[in-house]
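Given only the sequences and the hints, what does the whole structure look like? Please build it.
The sequence shown runs 279 to 406 under the working numbering.
Please keep in mind that the hints were generated in silico from the structure rather than gathered at the bench. Any given hint could turn out to be false.
[Claimed, not checked] Using 30 Å as the maximum straight-line C-alpha spacing, the simulated BS3-like pairs for lysine-lysine come out as follows:
| no. | residue 1 | residue 2 |
| --- | --- | --- |
| 1 | Lys298 | Lys378 |
| 2 | Lys365 | Lys401 |
| 3 | Lys326 | Lys380 |
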Amino acid sequence: MVPGLTGKVEMIVCREDLIKNIDKDSWDVLSNSRLIELLESASIDAIKDFINPDQISIGKSIKLIHLSPTPIGMKVTAHALLNRIDKNRLIFLVNAYDEKGKIVEGEHERLVISKEKFLKILKNKRSK
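If you want it as structure tokens, here you go:
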């Protein structure tokens, strides 16, 4: 795996993607939570062919600046660029555009760990 890998995913904003589902007093626009999911998907897309079968990538952090609202029915395209690698840390530059322009930019960090380690953590948490 090397810096420079890119990923891209697209979606059309639907009812289930709206902030109004979380905040009834809000508007019919794309929610931050759905936007984060889309940016994570683009990051995973960038590295999916480079992760060993015995490994998994997990989201660690995300820092975003939401620049513009996106209404229902509009197409959104999310991009991720693997910017840096520090041992098992992968740092992506992420952004997304709707049909009118850039709507978000930021940074997303993922960790690559063994599936065995992840399952052990999960098992320990479930047993408590």
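Hints, verified against the model:
Taking the CA atoms of Lys298 and Lys378, the gap is near 21 Å; set against the 30 Å cutoff, the hint holds. A C-alpha spacing of about 25 Å is found between Lys365 and Lys401, which places the hinted pair at or below 30 Å, so the restraint holds. Using a Cα cut-off of 30 Å, the hinted pair Lys326 and Lys380 holds, with the two alpha carbons roughly 25 Å apart.
Violation of the numbered hints given earlier is absent; every hint is satisfied by the structure.
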